[in-house]
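From first to last, the protein sequence lines stand for chains Z and A.
Counting along the first sequence from 1, when you hit position 4 you're at 3 in numbering that gives the first Met the number 0, and nothing is skipped either side.
Counting along the second sequence from 1, when you hit position 23 you're at 22 in numbering that gives the first Met the number 0, and nothing is skipped either side.
Note that these hints are calculated values from the structure, not bench results.
Please read all numbers here as calculations on a predicted model, not as lab measurements.
There may be inaccurate statements among the hints.
With a cut-off of at most 30 Å between alpha-carbon atoms, the simulated DSS-like pairs for lysine-lysine come out as follows [to be verified]: (1) K128(A) / K273(Z); (2) K128(A) / K206(Z); (3) K184(A) / K191(Z); (4) K128(A) / K191(Z).
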Amino acid sequence: MGTDQGGSGRGHGGGVIPVTNRMAFLERRDRRLLRVAAVAGLVLAWEALGRSGLVRTVFLPPPLAVLAEGARMVAGGEIFGHLAASLVRILAGFALGALAGIAAGIALGFFQTAEAVGTPILNALFPIPKIALLPLLILWLGIEEKSKIAVIALGVFFPMAINTYTGVRHVDPVLVRAAVSLGAGRRGVIRKVIIPGALPMIFAGFKLGAGTALLLLVAAEIINAKRGLGAMINSAGDLMQTTKLMVGLVVLSLLGLASAWGLAALERLLIPWKDL
Amino acid sequence: MRLVIEDLSKTYRDREGRPVEALAGISLAVEPQEVVAIVGPSGCGKSTLLNIVAGLLPASAGRAYFEGAAEGGRPLSAMVFQEFALFPWRTVLDNVCFGLEEQGMPPGRRRRVAREFLELVGLAGFEAKFPHQLSGGMRQRVGIARALAVDPHLLLMDEPLSALDAQARALMQVELLRLWEKTRKSILYVTHSIQEAVLLADRVAVFSRRPGRLRALLPVPLPRPRGEAAQADRAFLDLVDRIWGLIRAEAVEAMAEV
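Sequences are here, hints too, so could you generate the full structure?
This is the structure:
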């Protein structure tokens, strides 16, 4: 190279050393095909295992059989009774628990008296596995719907209250000062700064609560219910109707996915400023 | 209307509970339509003073009051923040509407007023954008429009251009000069840039640090309207030099501390 003056004097000749991308081994590619293949492969292997006769289908019914059973239960309407019973419980429980949790979290985060009284109580009750409260709730509220809804509501309440509280406490203080500087009082600050500022954390609470709600729903229904997805799974298990049991699991999985998608869509709608 | 700060002091407690004197015996006034800039090294309490005047922080001793303002009339002050402090969940228009909402102005009228001020700061057409969609300079224009919209007696500006890059900062300084010509607001302006203080202010208050004391109050002998060119003026350069001379030793000290 014409401009390479005296380079050879320092022990390297006139050769060309290209600059390579030394970060190449850290690059992550989008392996979409592999993702689809993984799920498809699992289902195929499962089907093959069922057909091969290596595993008795009464223990592991193949996917096609589960699909056929599901179609039969949909056509005959059998599934809808269970689904409706479960949906009523989980929606009622979730709504009650979420509303109470958000209200408690805002009070705890904003009012010092509420914080002093409430946080130790919250911390004392939070570690109790909520399903352990079901027998007590049955005594108080009866064995029917109320106790099931109450246990779900309690399960949702705690993550919602804690997340909302954290969200309220972490609202950017400069936004509060800006609001006060522009003339806002207590009401204005809570409504227009604290609540929207805590919304991302409240949504994180919704996601945690949704998982807990599904878990408690099924547990409560397995313990005592005539209808509902948990009851259906439980009785199918008792009768060795494994295919029907599997249909229940698939419906629960779809329910979980639907709630996650729904919440994500709602989040994009209500928090358009997030992640941007 | 005139802001009077009288023998004002502020002592707060640090994390170990020891008293720290942030401001000691500050007396200062801002006359109608006057721009007073406060400069000083880090830790001179200049932002603390601004927050006390805004009513966002209580003073330990002394007082700040407004002379000739009617009770329940226009708001006394509104603040423009270094961090912009725009509400991320509100559009540009709704950010400017915030203070007007709190004043109870009906929706139609406040939108009209907000649009007016957005136009004044050069942001017509950006009403529906969210703050994260704007550059730093544009965000601070929203912050300024939001504070001006409530029509305060005094505009408080807490290092409003410090978060901007050097080029945006230079442009915004000229923009502030233009805005003052249009609005003739009284402004109390905190900055650590001596050049900015001299360019924008009628008087520059030089603070010393730990505790913050008023070390000098210097009039700026530059005619208005001013523009970028004022910075080449002999009087401008002399005053910048003089203030730097007052601050330099303490700025070195401030840098040695955490």
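Hint by hint, here is what the structure shows:
{"no.": "1", "hint": "K128(A) / K273(Z)", "verdict": "14 Å, holds"}
{"no.": "2", "hint": "K128(A) / K206(Z)", "verdict": "29 Å, holds"}
{"no.": "3", "hint": "K184(A) / K191(Z)", "verdict": "28 Å, holds"}
{"no.": "4", "hint": "K128(A) / K191(Z)", "verdict": "19 Å, holds"}
Violated hints for the displayed structure: none, as all numbered hints are satisfied.
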